[in-house]
Structures are given as C-alpha cells and as structure tokens.
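Visitor: Let the sequences and hints guide you as you build the complete structure.
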Amino acid sequence: MKVLIREAAVADLGAIFAWISHDSPKAAAAVVGRIRARINQLGRPGLARIGRPGLVRGTRELLEGPYIVVYEVDEAAQHIVVLAIVHGARDRQG
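Numbered per this note's numbering, the sequence shown spans residues 3 to 96.
The set of hints was computed from the structure by calculation and includes no laboratory data.
All residues carry an ideal CB built from backbone N, CA and C; glycine is no exception.
Incorrect hints may appear among the rest.
Here are the simulated distance ranges between beta carbons [to be verified]:
{"id": "1", "residue 1": "His24", "residue 2": "Ala78", "range": "39 to 45 Å"}
{"id": "2", "residue 1": "Gly90", "residue 2": "Arg59", "range": "19 to 25 Å"}
{"id": "3", "residue 1": "Asp25", "residue 2": "Pro55", "range": "32 to 38 Å"}
Guide: Now the structure itself:
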C-alpha cells in the first residue's frame, strides 16, 4: 500500500523536531527519523493494520514512544493516510 502523509502530520513532525532540537539537534533528527521509519513500515505488505484501534472510529494508532502516529487505512484505494503525530502524554479525550 502507498503511504500518504497529510500536511498536518508533516507539521507535527516539524514541531517535534523544533521542540527537541532546542536541547539537541542530533536527538531531534534521530527521533523524527525513527517516527518516519515506523510510518514507512505501514506500507509493507500485511503491516497496514499493525497499529492498535484509534480513539476516533476508523483510525489506527502506531506507537513510536513517546509519540503516536494516527492513521487511516483505505483498502479500496490501497493507501494509508497519516493524519497526525501526537505525544502520548497529550490529552486527546477533551
């Protein structure tokens, strides 16, 4: 399946990088690299649904601690859409 990343998720990655790079640009690059590697795994055969069911119906969540990659799988179109990347400590219920 093809993996598509929405602009909002790209912005999330940028914000993650900016926040961590205040202390260590090297660590920021490593964290963002790990998140991107996990996202790329979604496109491998049989791994589209590797993440747990998401908080929002129809979404799934892939963990790359402490971050959560929120995505949707569109079987008909044969693609995965990454919607957001959030910190696991963030309150997403309210």
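Visitor: Please check whether Gly90 and Arg59 have a Cβ separation lying inside 19 to 25 Å.
Guide: holds (20 Å)
Visitor: Evaluate the given range 32 to 38 Å for the C-beta pair formed by Asp25 and Pro55.
Guide: holds (34 Å)
Visitor: Between His24 and Ala78, is the Cβ distance one that fits in 39 to 45 Å?
Guide: For Ala78 against His24, whose Cβ atoms are near 42 Å apart, the range 39 to 45 Å holds.
When each numbered hint is compared with the structure, no violation occurs for any of them.
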